[in-house]
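Colleague: Sequence:
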Amino acid sequence: MTAVRAPRWELTRHASELGMAQLGPGAEVPGWALAGQPAAFRSAQRTDDELTVICAWADIPAGVTAVGPFHAFSIDGPLDHSLIGVLAGLLTPLAGAEVSVLAQSTYNTDWILVPTDQTAETVRVWTSAGHTVREGAA
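To convert, note that position 1 of the sequence shown is 1 in UniProt numbering; the numbers rise steadily by one, no gaps.
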């Protein structure tokens, strides 16, 4: 029987520091979440319970419930939507190294956010697993 080799991924680490903020369920997406400091990734998600925004850490006003800062990694894409196990293959080794993650998907690819103080460990874990991580812009 031939062993199945796990895919090796190419990822880009983005330099901008991001934060995740929580607003009330009826809140509008605030201007500070969409503009301001350059950021590789911005997102707004609404549920019945909350509005969550991810944006530049420096743009989140004092007094807003937020966590961060994070660095974002994107998987070089676009990815085929029929792929199976992409995030599992990347996140399982990080869990073993006790790296906390936020995973987000866009139409083209997946994004993995890690606390900035765990960025170096993330790169070490992924490169040890055979993945390629390169530096990107903001």
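Note that these hints are calculated values from the structure, not bench results. By construction, the Cβ of each residue, glycine as well, lies at the ideal position given by its N, Cα and C atoms. Wrong hints could be hidden among the right ones.
Pairwise CB distance ranges, derived in the manner of DEER restraints [stated by the list, open to error]: (1) PRO61 x THR106: 36 to 42 angstroms; (2) THR132 x GLY85: 28 to 34 angstroms; (3) ASP117 x VAL64: 29 to 35 angstroms; (4) VAL64 x GLN104: 18 to 24 angstroms; (5) THR92 x ALA120: 35 to 41 angstroms; (6) SER100 x ALA6: 19 to 25 angstroms; (7) ALA58 x THR106: 31 to 37 angstroms; (8) ILE84 x THR106: 27 to 33 angstroms.
Colleague: Each of the hints needs a verdict: does it hold here or not?
Modeller: Against the structure, the hints:
1. PRO61 and THR106 have their C-beta atoms about 26 angstroms apart, which leaves the hinted 36 to 42 angstroms range violated.
2. Restraint check, THR132 to GLY85: a C-beta distance of roughly 18 angstroms breaks the suggested window 28 to 34 angstroms.
3. The hinted range of 29 to 35 angstroms is not satisfied by ASP117 and VAL64, whose Cβ atoms lie roughly 21 angstroms apart.
4. Take VAL64 and GLN104: their Cβ atoms lie about 19 angstroms apart, and the range 18 to 24 angstroms holds.
5. Between THR92 and ALA120, the C-beta spacing of about 19 angstroms breaks the proposed range 35 to 41 angstroms.
6. The hint said 19 to 25 angstroms for the Cβ distance between SER100 and ALA6, and at roughly 22 angstroms that hint holds.
7. ALA58 and THR106 have their C-beta atoms about 22 angstroms apart, which leaves the hinted 31 to 37 angstroms range violated.
8. Checked against the hint of 27 to 33 angstroms, the pair ILE84 and THR106 fails, with Cβ atoms roughly 18 angstroms apart.
Taken one by one, the earlier hints fail for this structure at numbers 1, 2, 3, 5, 7 and 8, listed in ascending order.
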